[in-house]
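**Q** For reference, the chains in residue letters:
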Amino acid sequence: MRDIQLLHTLLEYDYPQVFVARDAIGVRYVCMVVDEGECGPVFLCVPVSAQRCIDLLNGKLDLREIYEKPELFEFYHAAPDDLTQAFNIENAQFNETPQEWLPEPGLVFKYTDEVLIKAQELNTTVAFASLAVPEASQEARIRSRKLSEFLAIYQGALRNLARAAAKFNGKAIAKGEEPYETDVFGFCPGSFTVQVRSAESCDMLGENKALISAFTKLNEFLSLADNPDDAVAFLLDIKGHAASSLISLLSFISENDCPFANTWSTPGMHSSSRSRIRVASAQNVIQRCLLREDIGVEELELTGVVDSAKVSTRTWRIDVGSVAYSGGVKEGSSLNLAGITVGSRYTFYCEEKIEIVQGTGREVKVISLVRFEPFMD
Amino acid sequence: MEVKHEWYEELPDQCPPSDSFSVEGFVCYRLCESSEPTEKDFLSHRKLFPNKVFNSPECRARAISVFKHSEDLDPLLKLQIHKHKAKIKITLRGEDGLAMKTGKASHYSWWRSKGFSMPSVAEVGQ
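So the protein sequences, as listed, match chains G and D.
So the first sequence is residues 29 to 405, counted in my numbering.
So the second sequence is residues 7 to 132, counted in my numbering.
Incorrect hints may have been included.
[Unchecked claim] In silico DSSO-like cross-links for lysine-lysine, where the CA-CA straight-line distance does not exceed 30 Å: (1) D:89 to G:97; (2) G:88 to D:110; (3) G:203 to G:358; (4) D:46 to D:74; (5) D:53 to G:195; (6) G:138 to D:95; (7) D:120 to D:110; (8) D:10 to G:199; (9) D:46 to G:88; (10) D:74 to G:97; (11) G:199 to D:91; (12) D:120 to G:88; (13) D:89 to G:138; (14) D:58 to D:46; (15) D:74 to D:89; (16) G:88 to D:93; (17) G:381 to G:237; (18) D:107 to D:120; (19) D:120 to G:138; (20) D:89 to D:10; (21) D:89 to G:358; (22) G:138 to D:107; (23) D:91 to G:97; (24) G:237 to D:107; (25) D:53 to D:74; (26) G:97 to D:53; (27) D:110 to D:95; (28) G:138 to G:199; (29) G:237 to D:110; (30) G:138 to D:10; (31) G:88 to D:107; (32) D:110 to G:138; (33) G:237 to D:89; (34) D:93 to D:120; (35) D:10 to G:88; (36) D:53 to G:88; (37) G:237 to D:53; (38) D:89 to G:393; (39) G:97 to D:107; (40) D:74 to D:107.
Honestly, the hints are just simulated from the structure, not real lab data.
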């Protein structure tokens with residue numbers, strides 16, 4: 029008696045018909061439906077070596093061969109109640125596959141989507157972010173500064189896209205919650221590819237909804253970037269911090285002469301989603317954005333007690349509950365802070381923009397006061 | 007004209023999804039026990055196995071798998087459990103439900119409504 033867990037579904041029809049599973053120590057099993065009674069489907073499972081499993085996934089091995097010429101003459105029955113959890117398999121009382129269960133020759137699979145496979149192995153939402161930096165052309169190599177800057181910008185884009193999508197859907201992410209956080213778990217060659225996964229635990233289907241919405245928006249934007257008009261329309265649609273983050277990503281791509289591709293998947297997707305952007309496309313979109321200052325601006329309304337308002341430096345500070353906000357007067361504005369009584373309650377109507385600290389990718393929020401009025405209870 | 011569906015089985019909230027489409031004129035294929043399909047050939051796996059949990063969202067568990075291209079059923083016919091089955095061509099009408107592209111190849115999930123009437127829409131496929 030042992031337990032295995034479904035990893036990759038190779039053939040699906042109403043439910044998984046042929047799949048790969050693994051046990052607690054990583055041994056792979058190929059399982060195929062052989063019977064269907066009133067109690068549900070019964071699968072015949074056979075253990076396979078890692079190489080044999082790869083050959084089956086790559087279409088180099090016929091399913092019939094797995095069962096006709098097993099590496100070990102061990103067979104197991106499984107009648108799982110829940111394919112999202114580990115389930116029990118029982119030793120079958122035979123050492124070769126009964127003829128009446130052998131699949132017909134010619135049943136091969138093409139299961140080569142490495143991002144999807146990784147999502148299923150980890151049972152979480154993952155992405156491979158590929159940076160074609162010049163130093164990675166011959167080997168898996170990238171300047172440390174560039175990598176840290178990129179990761180800060182990439183995570184910032186995911187945060188702001190997830191927050192914007194959640195707000196749009198009427199389920200804003202609460203302050204202090206960070207369901208979109210990612211962990212780097214590996215690198216792979218080609219261009220310099222960073223492998224990231226959800227840092228938060230996912231649901232039973234391995235899905236992180238906040239990250240899914242962020243990756244969906246990110247890839248949607250990247251796929252539009254060859255057409256600057258469409259890309260700018262997309263940015264105007266999402267506006268604010270999410271748009272700023274995407275523009276920061278474009279600036280990184282442009283400044284580092286580094287085409288970028290993002291491929292992401294959840295375990296339940298049938299193929300990963302991949303989008304890429306060229307340096308020239310990034311530069312074209314940036315040029316268009318220079319004409320639209322409003323793209324990255326978010327409106328902010330702050331009601332609280334004014335702590336300071338300096339006429340000479342045109343700077344202020346206001347306490348909203350336990351949070352202190354500070355900033356300046358909007359550039360070009362003739363707004364005068366002289367009329368403000370420090371210690372009184374006001375409502376400040378502001379514009380908030382994200383600025384990126386060069387070299388680190390760190391986001392700094394800049395708040396500019398547009399107008400104010402005394403707060404009347 | 008929008009058709010108001012009465013579903014064959016109880017569906018969860020927001021199911022079928024908003025991006026599903028009317029099946030008016032949709033031609034698809036399904037494996038049936040024989041060339042004369044019966045009611046049992048058109049049941050979701052939730053209906054067939056109410057206590058089983060497969061690795062798909064509950065909404066999809068209550069849909070019926072169909073393929074737009076009959077040849078996409080061929081791999082299934084290589085499994086002994088399906089080898090004897092007949093490919094049935096189904097031409098659906100608007101009142102038969104909603105469908106959505108899901109899964110690989112030309113796989114679709116079809117949410118069957120009570121309006122689906124088998125004899126008039128099924129024939130042996132190629």
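**Q** Please verify whether residue 138 (chain G) and residue 199 (chain G) have alpha carbons no more than 30 Å apart.
**A** Cα-Cα ~39 Å, so violated.
**Q** Between the alpha carbons of residue 58 (chain D) and residue 46 (chain D), is the straight-line distance 30 Å or under?
**A** holds, 17 Å
**Q** So if I understand the rule, the pair passes when the alpha-carbon distance is 30 Å or less; does residue 89 (chain D) with residue 138 (chain G) pass?
**A** holds, 22 Å
**Q** Below or equal to 30 Å on CA atoms is what counts here, so check residue 138 (chain G) against residue 10 (chain D).
**A** violated, 40 Å
**Q** Check the hint pairing residue 237 (chain G) with residue 107 (chain D) against an upper bound of 30 Å on the C-alpha distance.
**A** The hint holds at about 21 Å.
**Q** Residue 89 (chain D) and residue 10 (chain D) were given as a pair; does the straight-line alpha-carbon distance stay at or below 30 Å?
**A** violated, 37 Å
**Q** Is it true that the CA of residue 93 (chain D) sits at most 30 Å from the CA of residue 120 (chain D)?
**A** Roughly 23 Å between the alpha carbons, so the hint for residue 93 (chain D) and residue 120 (chain D) holds.
**Q** Compare the distance between the alpha carbons of residue 107 (chain D) and residue 120 (chain D) with 30 Å, and conclude whether the hinted pair is satisfied.
**A** holds, 21 Å
**Q** Quickly compare the C-alpha distance for residue 120 (chain D) and residue 138 (chain G) to 30 Å and report which way the hint goes.
**A** violated, 37 Å
**Q** If you draw a straight line from the CA of residue 138 (chain G) to the CA of residue 95 (chain D), is it 30 Å or shorter?
**A** Holds - the C-alpha atoms of residue 95 (chain D) and residue 138 (chain G) are around 27 Å apart, at most 30 Å.
**Q** Are the Cα atoms of residue 89 (chain D) and residue 97 (chain G) separated by 30 Å or less?
**A** holds, 21 Å
**Q** Given the proposed pairing of residue 89 (chain D) with residue 393 (chain G), does the C-alpha separation stay at or below 30 Å?
**A** Not OK: residue 89 (chain D) and residue 393 (chain G) at ~64 Å, beyond 30 Å, violated.
Hint compliance for this structure: hints 5, 9, 10, 11, 12, 19, 20, 21, 26, 28, 30, 33, 35, 36, 38, 39 are broken, all remaining hints hold.
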